[in-house]
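Chemist: In case you want the letters, here they are:
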Amino acid sequence: MIRTVRKPLGAVAGGLALMLALSSCGLDDSSSGAEGSDGGTLTIYTARDKGLAEAVVADFEAANPDYAGKVEILTLGAQEALERIRAEKANPQGDIWWGGTGQQMKQAAGDDVLAPAPEAVIDAVPEDLRDPAGLWVGEMQLAEVIFYNHDMLSEAEAPKDWDDLVAPEMADKLAIRDVEASGTMRSIYSAMIDRQYDAAGSPEAGYDWLRKLDANTKVYAANPTDLYLRVTRQEAAASAWNLQDVMLQIESQNAPYTPVIPESGAPMLVDGVAKIKNGPSSDAADAFLEFLLSEETQKDLSETYYQIPSIEMTETPAWLADLDLVEMDVDWDRIGQNESEWIGYWAENIKGKG
Amino acid sequence: MTGLAARLRNRSGTTSSDRFIYWLAIPLVLILLLYIVIPMFATARTSVDGGMGNYSGFFGGNSGRALGLSVGISVVSVITTGVIGTALAVLLTRFDFPGRNVLRLFAMLPMALPPLIGAVSFYFLYAESGILPRFLAQYFGADPGAVSANGVLGVLLVHTMTMYPYFYLAVSSGLAGSDASMEEAALNLGASRFTMWRTVLLPMLTPALVSGALLTFMVSMASFTAPQFYNVQTLTMQIVASRTSGAYELAAAQSTVLSVVSILFLLAMRWYQNRRVHRSASKGTPQAVKVIHGTLPRLGAGLGSTLLVLILMAPAAVIVLLAFTVDGSWTVQILPSQYTLGNFSRIFTDPSTLRPILVSSQMAFIAMIACTVVGVIASWVVTRWKGPGKGLLDVMVMIPWALPGTVVGVNLVTAFASPSPFNLGQVLIGSLWILPVAYFVRFLPLVFRSANAALAQIDPSVEEAARNLGAGHWRVLRTVTVPLMYRGILAGALMAFIQGFGEYVASVVIYPARFAPLSVEIYNRIYSNEFGTAAAYGTLQMGLILIVLIISQRLENPGSGGIAKMLKRRRRPTVETPLVGPMPPTATPLPIPSSAAPDLKPVK
Chain A
-4 MIRTVRKPLG AVAGGLALML ALSSCGLDDS SSGAEGSDGG TLTIYTARDK GLAEAVVADF
56 EAANPDYAGK VEILTLGAQE ALERIRAEKA NPQGDIWWGG TGQQMKQAAG DDVLAPAPEA
116 VIDAVPEDLR DPAGLWVGEM QLAEVIFYNH DMLSEAEAPK DWDDLVAPEM ADKLAIRDVE
176 ASGTMRSIYS AMIDRQYDAA GSPEAGYDWL RKLDANTKVY AANPTDLYLR VTRQEAAASA
236 WNLQDVMLQI ESQNAPYTPV IPESGAPMLV DGVAKIKNGP SSDAADAFLE FLLSEETQKD
296 LSETYYQIPS IEMTETPAWL ADLDLVEMDV DWDRIGQNES EWIGYWAENI KGKG
Chain B
16 MTGLAARLRN RSGTTSSDRF IYWLAIPLVL ILLLYIVIPM FATARTSVDG GMGNYSGFFG
76 GNSGRALGLS VGISVVSVIT TGVIGTALAV LLTRFDFPGR NVLRLFAMLP MALPPLIGAV
136 SFYFLYAESG ILPRFLAQYF GADPGAVSAN GVLGVLLVHT MTMYPYFYLA VSSGLAGSDA
196 SMEEAALNLG ASRFTMWRTV LLPMLTPALV SGALLTFMVS MASFTAPQFY NVQTLTMQIV
256 ASRTSGAYEL AAAQSTVLSV VSILFLLAMR WYQNRRVHRS ASKGTPQAVK VIHGTLPRLG
316 AGLGSTLLVL ILMAPAAVIV LLAFTVDGSW TVQILPSQYT LGNFSRIFTD PSTLRPILVS
376 SQMAFIAMIA CTVVGVIASW VVTRWKGPGK GLLDVMVMIP WALPGTVVGV NLVTAFASPS
436 PFNLGQVLIG SLWILPVAYF VRFLPLVFRS ANAALAQIDP SVEEAARNLG AGHWRVLRTV
496 TVPLMYRGIL AGALMAFIQG FGEYVASVVI YPARFAPLSV EIYNRIYSNE FGTAAAYGTL
556 QMGLILIVLI ISQRLENPGS GGIAKMLKRR RRPTVETPLV GPMPPTATPL PIPSSAAPDL
616 KPVK
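Heads up: the protein sequence lines correspond to chains A and B, in order.
Counting from -4, one number per residue, gives the positions in the first sequence under our numbering.
Counting from 16, one number per residue, gives the positions in the second sequence under our numbering.
Please keep in mind that the hints were generated in silico from the structure rather than gathered at the bench.
Fair warning: this is a prediction, and the values are worked out from it, not measured in the lab.
Do not rely on the hints blindly, as some may be mistaken.
[As the list claims (entries may be wrong)] One side only, chain A facing chain B, incomplete, derived with CB under 10 Å:
id	residue
1	Ala50
2	Glu78
3	Glu83
4	Lys84
5	His145
6	Leu148
7	Ala151
8	Asp173
9	Ser177
10	Tyr223
11	Pro254
12	Glu343
Note that beta-carbon positions come from the ideal geometry of N, C-alpha and C, so glycine has one too.
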């Protein structure tokens, strides 16, 4: 009995060896450099598009030959980047955190995991678009706008302003990115409450508005991709999202979208970049920040990727000048204090009930 | 080893066995403490950072409702996956029909659905603009909104379709390890087929069902993608919302409650299983496969299995379809109108394409080996441990399964960030080793539960007999126990490998520079909305896993050389039918062997 049942074990071992053989090559040749991170390597955690990040890094290496081949990009969501940096606090592995909402950057600054950017960079960014001490700086501004599928709505039917979104004609025509798990959507919804706060003296007016918006919302999309799919595939006709992503979708994916700058203005969110405290390559991090926030790089990003730079530019890119962008007057400090409460109230009492 | 065996043999049987278990338990507990308990305890500690305020009012408010919804969804998921998984296992282990082998292969595939695009494939199938609702709308005039999967139903659909393998694998290995002679004895003693199933087979399958139920319940409690996709406010959604708003203590409290509920369920299932232990003392010659005869039944079975394959394969097939679709061209049509090979050529012309695949496959493989070794020892210790404390060991292994993946990842990074007495000075962040450690921690429960179910079917007296015949402890484990449970081990190891291969949520918080796993690369493509390329990657992933599945099926199936011969020898001499194909058609009722007396004894 013992002899017979030992055979399957041999077979299992053989199979395992086969699987090992299937996969046991290819990593060694390149693992040498990364294992002992020698301090010369600049590690960037980025929530930006990988192609964009790689292009900027390639330019950076060309401009600073000292760092050529020594820059590592790790792509991950902004929230994950924040969690990772917090968790690695005792032994930071990254040098730069590139791409995160102002809210997330503030949190990280509060958790003492960020270091100030070089003076030149701090000075280049206006004070209201960065941390007072320069622990993080705004790299670009995201205009939150309305967009619609022009295969489904004509220009006349399309919403022109925020209040058009809650009109009865838009009933069941909206797709909204799931609010609670999205820093961007939390900010847009808070801005909608904030703009009516002064008149009413309470968030109630904003809540009422969001209740009507919820009634018109056909579906809450799980993630940005889901949102694009649902609008492209004509499940919903319109949505609110940031201008840059909408423009990129139109350009790179041929998406049938038309962006609308709301007449009463678009809330402008900051998207930041920060130096991680006690990261392995501090000098390289400074050099990268200076490069990223130079006018030349920003001009390039603005023209290729529809970014709205946070630094003062000598000339506005043509596409932006054409759009006639109006900024909505939003009290971001009040939002910072109340966001959790407002969004919590919305999730509990408004979402899915309108 | 012989010295040790001789030394132990001098003492009385039970005492030396106990001693051996304690001796094995020491390194095991150390490993569990080091990699699982201490890192995961960080969550509970964070939750009480600001006092108990995060727990007060938990059950009244939104969180309480979300918890109720989570538990409800998990319970229903257990039932639906249980029914489908068990039915499929019985069908595939007991009957032979056209298409059986294909179905056996594809039954495991839902587990290999790549994360991120896996959920998207359900969108393309069952959402309002999905293939099925659009098809029904166009040809049957149905309202696409009404026939699409939504809300809780959608979550249950995704759970059922992706989690039934937990039951399927456990029950399959349980059925394979059951002894045909007992069923025959029951039938000969006058029991009807139904009575035989109710009183003989189902009790024998209790450990397998418990294993499936536990894995499914806990993983549905921790499931996030499906609830987010169908917008159902489960507790995991609240955890993510809390983290997004920066309320980390609250998120930790919610995670703790989530895992406590899962652990309570675990303890309840343990209690239930211990009340009804059914073991087989014989070595368990599996019931012969029943061949379906006659043109009509065969045709029916063939059609039925084709339909099943279609349903099970649909999400995977959609990913393959997307891989050949021009990005952005599939808008209002039922099926895409423009096809391309560009997505594949794009990833094959990129020299760095192969790297993520190599990283994922090797890390998952290393983790699988560790899971197998530790999981088998752990299950053996827990099952054979006499006295108190085995429940605790069980909980120690299972904790990570009850926590959301991100929490596991963050806890591991925190625990292994800098040298401390609690991690024995190991710094894992920034090194490649943190990936297999994370996969080990997350997927050890799969091997453990599966091995546990297999072990629970084996009577300790078989081991005692071997001991009495003079075998040492290691030899008994190596030559009797492990071979008897090898199907369970294989099933668990397979699950651990497949899931490690596609792991995303923990990987993304821990992966070291230059070693991005496959799932992170898929995320990058999705983020850039390069859907076709992401799907092409996903297709590659599924293809590789399919190869692994074929290999493992070869291992299990008496189709290939060594095992075939072995099984032939095990077969009783009265069955003269030669081995044709994977399974011999043995329609004649098997005689009861006089030697292997049926021994089904309820303990306690």
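Chemist: Could you run down the list of hints and mark each one as holding or not?
Modeler: Do the hints match the structure? See the list:
1. Ala50: violated, 12 Å
2. Glu78: With Cβ-Cβ at 5 Å, under 10 Å, it holds.
3. Glu83: holds, 6 Å
4. Lys84: It holds, given that the least Cβ distance between Lys84(A) and chain B is near 7 Å, below 10 Å.
5. His145: violated, 12 Å
6. Leu148: violated, 15 Å
7. Ala151: violated, 22 Å
8. Asp173: Holds. Min distance 6 Å.
9. Ser177: holds, 7 Å
10. Tyr223: holds, 6 Å
11. Pro254: Given a least distance of 16 Å, the restraint on Pro254(A) is violated.
12. Glu343: holds, 5 Å
This entry does not satisfy hints 1, 5, 6, 7 and 11, going by the numbered hints stated previously.
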